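J.: In case you want the letters, here they are:
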Amino acid sequence: MPKVKDVILTFPPSGSPDVVSYKLYVQLANDPVTYDSESWGLGLNTTIDIATFPGMTTKDDIYNLGVTAVDEAGNESSFSLINDVPLDFVAPDPPGPLSFVNG
Amino acid sequence: MVMPKVRLVLLAILLQCSLAFADPLIGVNNYTYFGTTAEPVTLQWIVSSGAVGYELRAYHHEQQIYIWMGSTTELTFTYQLPKSGHYTFMVRAVGTGDKFSTWSESTDPVVAIVDGQPRAWWSYGYVAPPGPIVIE
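If you read the sequences in order, they're chains A and B.
So for the first sequence, the working numbering puts the first residue at 1; every next one is plus one.
So for the second sequence, the working numbering puts the first residue at 1; every next one is plus one.
In short, the hints are calculated from the structure, not lab data.
None of the values given here were measured: they were computed from a predicted structure.
Just so you know, even glycine gets a beta-carbon here, dropped at the ideal spot from N, CA and C.
Treat each hint with caution, since some may be false.
[Claimed, not checked] Not the full set, but computed from the structure, chain B residues with beta-carbon under 7 Å of chain A: (1) Thr37; (2) Pro82; (3) Lys83; (4) Pro129; (5) Val134; (6) Ile135; (7) Glu136.
Generate coordinates for the entire structure from the input sequences, incorporating the hints supplied.
T.: Shown next, in the form of structure tokens:
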């Protein structure tokens, strides 16, 4: 199994008192992040290694990222955004068959 | 003796409070203060004769519950909204001997003021977004 580089994403928490989780949204950089973009729940974690998220290992492009806070009623905040982030979680193919050349 | 109502004024709501819209729930002329629940709101009212203090509560419209805000001997009160949603604010005067005025409500244009003019108002608190993202 290939090994991909850690990408640590961190953000200060929301100041709202009833936040129960955060959500990360990822969108190809050609388009803005919306609430319909691909998303992952973060729980209450504000420092995460996004390389470990399901589905991330296919991403190799420039992306816009957004994080929202979710309250106990399910309401979501506006986005905290960072645009044009290069993400490359696609490991190179392994080298070809290894053979012994000379003794 | 019934104590007179006190006039409610929104002194400062540390939010984006420049927008207003009409809401059919509580009348077409209500002014809405918008902001996030991360910033406190400050209410102000005019002194009630005979009052030795004041009590404040809020009504959360989505959950249809009253929320006790606190009491004060001052004429202002700063409060952080506990959850997102629409809020009506109320204040009543406390007299001696456990006498209370009726509640003065921010949605009652007889006692509520916006920009110095009688007008009903309420506020909406959004969930505040997280801070800036940093990629390491």
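J.: Was the hint right that B/Val134 lines chain A, CB cutoff 7 Å?
T.: OK, holds: B/Val134 within 7 Å of chain A, min 5 Å.
J.: Can B/Thr37 be said to touch chain A, with a Cβ gap under 7 Å?
T.: 4 Å, holds
J.: Is the shortest C-beta separation between B/Lys83 and chain A less than 7 Å?
T.: 4 Å, holds
J.: Was the hint right that B/Pro82 lines chain A, CB cutoff 7 Å?
T.: Holds. Min distance 6 Å.
J.: Report holds or violated for the interface hint on B/Pro129, using the least CB-CB distance to chain A and a cut-off of 7 Å.
T.: At about 4 Å, which falls below the 7 Å cut-off, the nearest Cβ of chain A leaves the hint on B/Pro129 intact, so it holds.
J.: Can B/Ile135 be said to touch chain A, with a Cβ gap under 7 Å?
T.: 6 Å, holds
J.: Against chain A, is B/Glu136 within 7 Å by beta-carbon distance?
T.: 4 Å, holds
Comparing the model with each earlier hint shows no violations; every hint is respected.
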